[in-house]
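Residue strings, one per chain:
6 protein chains.
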Amino acid sequence: MPIVTVQQGPRDIALKRDLVARITDAFVEAYRIPAETVQVWIHEVPADSWGAAGKLVADK
Amino acid sequence: MPIVTVQQGPRDIALKRDLVARITDAFVEAYRIPAETVQVWIHEVPADSWGAAGKLVADK
Amino acid sequence: MPIVTVQQGPRDIALKRDLVARITDAFVEAYRIPAETVQVWIHEVPADSWGAAGKLVADK
Amino acid sequence: MPIVTVQQGPRDIALKRDLVARITDAFVEAYRIPAETVQVWIHEVPADSWGAAGKLVADK
Amino acid sequence: MPIVTVQQGPRDIALKRDLVARITDAFVEAYRIPAETVQVWIHEVPADSWGAAGKLVADK
Amino acid sequence: MPIVTVQQGPRDIALKRDLVARITDAFVEAYRIPAETVQVWIHEVPADSWGAAGKLVADK
Numbered sequence: 008m009p010i011v012t013v014q015q016g017p018r019d020i021a022l023k024r025d026l027v028a029r030i031t032d033a034f035v036e037a038y039r040i041p042a043e044t045v046q047v048w049i050h051e052v053p054a055d056s057w058g059a060a061g062k063l064v065a066d067k
Numbered sequence: 008m009p010i011v012t013v014q015q016g017p018r019d020i021a022l023k024r025d026l027v028a029r030i031t032d033a034f035v036e037a038y039r040i041p042a043e044t045v046q047v048w049i050h051e052v053p054a055d056s057w058g059a060a061g062k063l064v065a066d067k
Numbered sequence: 008m009p010i011v012t013v014q015q016g017p018r019d020i021a022l023k024r025d026l027v028a029r030i031t032d033a034f035v036e037a038y039r040i041p042a043e044t045v046q047v048w049i050h051e052v053p054a055d056s057w058g059a060a061g062k063l064v065a066d067k
Numbered sequence: 008m009p010i011v012t013v014q015q016g017p018r019d020i021a022l023k024r025d026l027v028a029r030i031t032d033a034f035v036e037a038y039r040i041p042a043e044t045v046q047v048w049i050h051e052v053p054a055d056s057w058g059a060a061g062k063l064v065a066d067k
Numbered sequence: 008m009p010i011v012t013v014q015q016g017p018r019d020i021a022l023k024r025d026l027v028a029r030i031t032d033a034f035v036e037a038y039r040i041p042a043e044t045v046q047v048w049i050h051e052v053p054a055d056s057w058g059a060a061g062k063l064v065a066d067k
Numbered sequence: 008m009p010i011v012t013v014q015q016g017p018r019d020i021a022l023k024r025d026l027v028a029r030i031t032d033a034f035v036e037a038y039r040i041p042a043e044t045v046q047v048w049i050h051e052v053p054a055d056s057w058g059a060a061g062k063l064v065a066d067k
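Those sequence lines, one after another, are chains H, V, X, E, C and A.
Be aware that the first sequence starts at 8, since it is given in our numbering, and climbs by one per residue.
Be aware that the second sequence starts at 8, since it is given in our numbering, and climbs by one per residue.
Be aware that the third sequence starts at 8, since it is given in our numbering, and climbs by one per residue.
Be aware that the fourth sequence starts at 8, since it is given in our numbering, and climbs by one per residue.
Be aware that the fifth sequence starts at 8, since it is given in our numbering, and climbs by one per residue.
Be aware that the sixth sequence starts at 8, since it is given in our numbering, and climbs by one per residue.
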């Protein structure tokens, strides 16, 4: 029963719907497990709360 | 000093208050450690950002 | 379908068995949800990989 | 630059190799972002450290 | 390519900007890796959703 | 009481000791909080369990 947690910037529901379907398919195809056993949780983090190379995305 | 992270859909404060007390008791009783050493963090994820079986909860 | 992730130092299976049962009960009683919907994942981190107050547990 | 964290039981490298490729494709296709921006981290948790319905997988 | 996830109460952007710069420097200096390889994600959790010693911060 | 979780490849204890001290200092200096309130947890993930751009580090 794999649990998938995604950290990303905010995106709209249509994109997230598509992503959750495709990630679930990835498990079904790679591990041969039922889709019902896969959960996907998307944590959307605003641009003032994450960054790379020492800078917030909000400042780029 | 165990750290507990919960991923769930949104719930009201009375339920979360009760949950945090009960999870902390679970550690005190199972591990015989002081309640002061236990932290609980609840990450509430909206229904358009998580799902199972390839579908968002918002679409069910 | 709440997901619980615990970060802790290593403990033996009897203690973890008891903890998972008690944490699950905490959700059943606080949220009135079936035990079957609760998953608990324990990440055991060795003493040379975590610390507080700027010091590794392995050095205390 | 999405970060994907998977919590699962142990699996062999061939299955994980396939999974990482397929999850990355899921982002490329759903979000139209370059594969280079996607990281996948798999946390393998032994059967005595996770469970559902109040029971460890090791006890089932 | 280390990924840093911070769980904390809400703080303003000036403090988070400073924190992300300093955490990134910590990796550059301790591990001798380029700043570009370090990502920091801050998950801000409101006072009604986390606690210690069995009590929510919102109730203290 | 911020909680820091680091996902990285394995490194030796001397490097982790230095990292934990420096990350803790980052919080003390940026947020003006006591070092005692900061916990750092390092999750070391082997090269066959994480990757970027669709490939495991073990295969690069």
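Note that these hints are calculated values from the structure, not bench results.
All figures in this text were calculated on a predicted structure; none of them were measured in a lab.
Check the hints yourself; a few may be wrong.
Identical copies go unnamed one by one, so any copy, or any two together, can satisfy a pair.
[Unchecked claim] Listed below are the simulated EDC-like cross-link pairs for lysine to aspartate or glutamate, each with C-alpha atoms no more than 20 Å apart in a straight line:
id, residue 1, residue 2
1, K67, D32
2, K67, E36
3, K62, E51
4, K67, D25
5, K62, D25
6, K67, D55
7, K62, E43
8, K62, D19
Which hint numbers doesn't this structure obey? As far as the earlier hints go, only 2 is violated by this structure.
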